[in-house]
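Quick note: the sequence shown uses full-length UniProt numbering, first residue 1, plus one each step.
Among the hints, a few may not be true.
Derived CB-CB ranges, DEER-like [unchecked claim]: (1) Glu148 - Glu62: 16 to 26 Å; (2) Glu209 - Leu181: 21 to 31 Å; (3) Gln149 - Lys97: 40 to 50 Å; (4) Glu47 - Glu135: 35 to 45 Å; (5) Ile215 - Leu177: 24 to 34 Å; (6) Ala233 - Leu181: 10 to 20 Å; (7) Leu181 - Gln149: 45 to 55 Å; (8) Arg54 - Glu99: 42 to 52 Å; (9) Arg54 - Glu122: 19 to 29 Å; (10) Pro145 - Thr77: 48 to 58 Å; (11) Ala80 - Arg118: 45 to 55 Å; (12) Ile226 - Leu205: 23 to 33 Å.
In case anyone wonders, no lab produced these hints; they're calculated from the structure. Even for Gly, the Cβ is constructed at its ideal location relative to N, Cα and C.
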Amino acid sequence: MTRLARIISPVLCGLLTLAPAIALAAPAKAKSSPPAESEAPEAGPPERAVEAYRRGTELYNEANFEAALEAFQEAATLYASPDFQFNIAKCYERLGKLEEAVRHYQTYLRTADDSSDRAVVESTVEDLERRIEAEKNRPDPEPEPEPEQAPEPVTNPGRALVITGGALLGVGVAVGLGGGLGFGIPVSRDNASLGDVRDGNPDRLTFAEADEIAIRASRNQTIERIMIGAGGALAITGVALLAVGLSKNKKAAGSAARLSVSPMWGRTGGGLTLQGNF
1 MTRLARIISP
11 VLCGLLTLAP
21 AIALAAPAKA
31 KSSPPAESEA
41 PEAGPPERAV
51 EAYRRGTELY
61 NEANFEAALE
71 AFQEAATLYA
81 SPDFQFNIAK
91 CYERLGKLEE
101 AVRHYQTYLR
111 TADDSSDRAV
121 VESTVEDLER
131 RIEAEKNRPD
141 PEPEPEPEQA
151 PEPVTNPGRA
161 LVITGGALLG
171 VGVAVGLGGG
181 LGFGIPVSRD
191 NASLGDVRDG
201 NPDRLTFAEA
211 DEIAIRASRN
221 QTIERIMIGA
231 GGALAITGVA
241 LLAVGLSKNK
251 KAAGSAARLS
261 VSPMWGRTGG
271 GLTLQGNF
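Hey, can you work out the whole structure from these sequences and the hints?
This is the structure in structure tokens:
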């Protein structure tokens, strides 16, 4: 980007050409009273264009292409020079804006008839156009597949079922046994007392006392059956969950669990028979 001399030459020529005209056009009184320092004329557009060009060149050499582009664009608005278009194109190329770079390179080629680097610039334009076309035809990249998360090893898949089933089985057995023992024994004792009344009433119970024993025995027997039924239901549910949990564990270990449940009922109570191969 050593194009400063080519830019400065026409600028200086323009300034020298304008100087005599300015001197002739100035009134005679102006010669005897030169302007004060504070009234010195500001630099014109050509001088400001050269200053912007110098600033842009320094920024470009510092790889600050955004700021360099702004400086070269400022210079181009102040003074029409093909070299400014070339430098603007270089900045766009560095910034990856290839279509803008091609447009300004082509402007440079149209306006710089005597450029010695025409062949190089034309080759650059052709290369950029190929890159633009390749970018347009490039398929969209496929999204990277999300990494599959390895499943956590399950060493005891039926553990929760085994724990729940065991708890329900224990509660069911406790409820059933509690009902059978807690109410079954009093029912048996009351039934025996009523049998004695029928066999001669050795205890000399009154009719009211015998009736009270019968009502109590009936009530206790109802509670006993309810508790045995509830306990049996809980126990059966627990056994089912226990069986499923053990089966899952055994399948994970390579063998299946076998579990069988048989209900057992008696005159005054009931229960469960649990058999299995664990």
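**OP:** Can you let me know if the beta-carbon spacing of glutamate 47 and glutamate 135 is within 35 to 45 Å?
**Re:** This hint holds: roughly 41 Å between Cβ atoms.
Original post:
Could one say that the CB atoms of glutamate 148 and glutamate 62 fall in the range 16 to 26 Å?
Top reply: Violated: the Cβ-Cβ distance is about 47 Å, outside 16 to 26 Å.
Original post:
Per the hint of 42 to 52 Å, is the separation of the Cβ atoms of arginine 54 and glutamate 99 within bounds?
Top reply: 28 Å, violated
Original post:
That 40 to 50 Å hint for glutamine 149 and lysine 97 (C-beta), does it hold up?
Top reply: 41 Å, holds
Original post:
Is it true that isoleucine 226 and leucine 205 lie within 23 to 33 Å of each other by Cβ?
Top reply: Holds, since isoleucine 226 and leucine 205 (Cβ atoms, about 28 Å apart) stay within the stated range.
Original post:
isoleucine 215 and leucine 177, beta-carbon distance inside 24 to 34 Å?
Top reply: Since the Cβ atoms of isoleucine 215 and leucine 177 sit about 25 Å apart, the hinted range of 24 to 34 Å holds.
Subject >> Pairwise beta carbon distance, arginine 54 to glutamate 122, judged against the given window 19 to 29 Å >> reply: The hint (19 to 29 Å, Cβ to Cβ) holds, given that arginine 54 and glutamate 122 are roughly 28 Å apart.
Original post:
Taking 48 to 58 Å as the hint, is the beta-carbon distance of proline 145 and threonine 77 inside that range?
Top reply: Holds: the Cβ-Cβ distance is about 51 Å, inside 48 to 58 Å.
Original post:
Do the Cβ positions of alanine 233 and leucine 181 conform to the proposed distance bound of 10 to 20 Å?
Top reply: 19 Å, holds
Subject >> Hint check for glutamine 149 and leucine 181 - Cβ pair distance inside 45 to 55 Å >> reply: At 54 Å between Cβs, range holds.
Subject >> Cβ separation of glutamate 209 and leucine 181, checked against the hinted range 21 to 31 Å >> reply: Distance hint for glutamate 209, leucine 181 holds at roughly 25 Å.
**OP:** Confirm or reject the claim that alanine 80 and arginine 118 have a C-beta distance inside 45 to 55 Å.
**Re:** Cβ of alanine 80 to Cβ of arginine 118: about 19 Å, so the range 45 to 55 Å is violated.
Hint compliance for this structure: hints 1, 8 and 11 are broken, all remaining hints hold.
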